[in-house]
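For reference, the chains in residue letters:
Protein chains: 2
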Amino acid sequence: MPLIVQKYGGTSVGSTERIMAVAKKIILAKSQGNDVIVVVSAMSGETNRLVALAKEISDPPNAREFDVLLSTGEQVTISLLSMALEAQGCPARSYTGGQVRILTDSTHNKARILDIDNQRIRTDLEQGKVVVVAGFQGVDDNANITTLGRGGSDTTAVALAAALKADECQIYTDVDGVYTTDPRVVSNARRLEQICFEEMLEMASLGSKVLQIRSVEFASKYNVPLRVLSSFEDGPGTLITIENNKMEKALISGIAFNRDEAKLTLLGVEDRPGIAAHILAPIAEANVEVDMIIQNKSADNTTDFTFTVHRNDYAKALNILHDLTPELGVREILGDDRIVKISLVGVGMRSHAGIASTMFKTLADEGINIQMISTSEIKISVIVDEKYLELGVRTLHAAFDLAMVRTV
Amino acid sequence: MPLIVQKYGGTSVGSTERIMAVAKKIILAKSQGNDVIVVVSAMSGETNRLVALAKEISDPPNAREFDVLLSTGEQVTISLLSMALEAQGCPARSYTGGQVRILTDSTHNKARILDIDNQRIRTDLEQGKVVVVAGFQGVDDNANITTLGRGGSDTTAVALAAALKADECQIYTDVDGVYTTDPRVVSNARRLEQICFEEMLEMASLGSKVLQIRSVEFASKYNVPLRVLSSFEDGPGTLITIENNKMEKALISGIAFNRDEAKLTLLGVEDRPGIAAHILAPIAEANVEVDMIIQNKSADNTTDFTFTVHRNDYAKALNILHDLTPELGVREILGDDRIVKISLVGVGMRSHAGIASTMFKTLADEGINIQMISTSEIKISVIVDEKYLELGVRTLHAAFDLAMVRTV
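Heads up: the sequence lines are chains B and A, in that order. In short: position in the first sequence from 1, add 627, done, that's the numbering used here. In short: position in the second sequence from 1, add 627, done, that's the numbering used here.
There could be a bad hint or two in this list.
A pair holds if it fits inside one copy or across any two, identical chains being indistinguishable in the list.
Claimed, not checked - Result set (BS3-like, lysine-lysine): computed pairs, CA atoms no more than 30 Å apart in a straight line:
1. K792 <-> K924
2. K682 <-> K848
3. K651 <-> K924
4. K792 <-> K682
5. K657 <-> K943
6. K651 <-> K1014
7. K848 <-> K924
8. K652 <-> K682
9. K682 <-> K943
10. K924 <-> K682
11. K682 <-> K657
12. K924 <-> K737
13. K1014 <-> K682
Honestly, the hints are just simulated from the structure, not real lab data. In this text the structure is predicted, and so the values were computed from the model without any measurement.
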């Protein structure tokens, strides 16, 4: 019998009414001949309520106890959903992370899953029960409750699917799939039938917030077929798999973008080995994440060094650079926090030259100046002035015919 | 170092402010040289919120899942209290029933504690930590979450005190001790310094709702000194112990009463062996609890049979009796749901004749007719018309000098 892991997020289980609707979806999947494991998040709003309680007491709260607190959110959902299933005549059984058990390391608030003991789940499935597991949580090897951090429920679902060799891991969310780009920016953006893990990772990291990166990495590592679907409407969603011959032969799968970028440039840095590390070490120490990095040698034996950070970290990064100026002999520091990143993503571009030049020409034709370029095997990213975001995305979406369905 | 178990109920931890006040009380006890284990209930209102959620889904909800749901209430409190302690510089560690672990049988919604594994608690105490345990919950030997039913947090506290051989188990509540009778009825009712378990059991079962019967039974069985105190004001509260030479030598410790009584009488029942069982079996099958029972032989070889039930069960019991009438050959069925029970309680009456006659005379002098009498070694209960409740209690309180403190 095929085994499906279904994951429902906070909005999908945001009220008892919605929980009952989710129960119906599960019963349907079961009646179609599947064994079903369900992973759920806390009801929407619940985690915020708990965080607010904690902060009334202590900010930041003790990390261990914060996990004890937060994990109750999912525990409420698993019990209510199991009640709903039982009430509709479908045998069900809920498990907390500690009961399953989902063993993690001891890093409270952002633990990593080490192992899953699936004996109880297998027994329940054999008895025809639906198994409902609390997402986002686990226990360390001293039975202390841990949580996995943001997006943890997706990770739980994928980890369970991997541990039980499920045929598919279905992530139910409030969008009906992965699109060629954000439909709010490009009205004829198209839902992708299928996308490969590498592309999905690039899409996710570039701001398509459908799935959390960690869960996609996990699914990729253990080769778990992932499907993104809507909890509110029926439809096939988007299947995320390793590259295979069913894959649409598109050069480009989608266009991702990120509005929250800021750029810092050091002009006239002394050009000697280790200079990049010297500049970036204090930035990293301040927990500022650096995205794109470009270094260009100048004619005068100095170098220009540019990198991008999240817009929220712009002021912090700028201060750090100013402190560094004396030792680096920098001529000038430039900064710009009104920039955005636009990226073409597609495994097809591996074997196709000319994608980059088409991209650059398309943008140039619209008078959009490219400030930085960064490339990987399956993506090309450019930094442009933020005022060009919509124009750039729409123009590229049209130039690469992304609204059209291509089949093999 | 003395070991104290403190239990705080829902009102005492009803807000983050109150939780912080409780943390201060705990830190004070610790600074006075005690090791401290704390047991907490769900924040007041939380359990009702969870019950309402469950009933929106299914009524009655699945018993196993209901326990998974309800147990989150206490889990929220243990985490918040531990955070508050940590934030005030007091090392603390929370445990759910499953983590401690409090092993129960598998009777969901009203499980009984079988065993407590206190290894982790001992280690924490040795390291100077305050241990905060979720009341009301445990796990069965398959790690399914169970709850202990009403008053379960008191039971948890007493069980922990017994398992760890604590020097005292302190139950913090919204009253400052056990009184000779309800101060709302008798204004000069007096707080008792000490009372023995047997008396406390009678007081509790007769409607003094300070402590749950099960926790007192438990404390008595394992000889755990119990103390009832207020969470809101300072004071010594009331100590509940086995009878000892420190005990006040009062004949009567207190007057309990119960407003929720109803009485049923069968007149002219055929007097043959097994008739009482024949009458009460269908009552018991209908889950109606019977309190007092009186049977009086009449001259004509029939018998009159009277018993009391909770007022809520009156109509149900009456219907059952009417169905029985044909087979029992009953002459008449009488009923009265406007009656109350007043009880004198005191270990002192064991060795003193004359208490009963003083009681009956006192009531007679006020013109209060006694409808039923029931006695045990340490209590005398009478059933009277409900209109005499306050008068009866006040008169008896005065007659037995209960407002006066007596010392050895």
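Numbered hints the structure breaks, given as an ascending list: Numbers 1, 2, 3, 4, 5, 6, 7, 10, 12, 13 - these are the hints that the structure violates, sorted from lowest upward.
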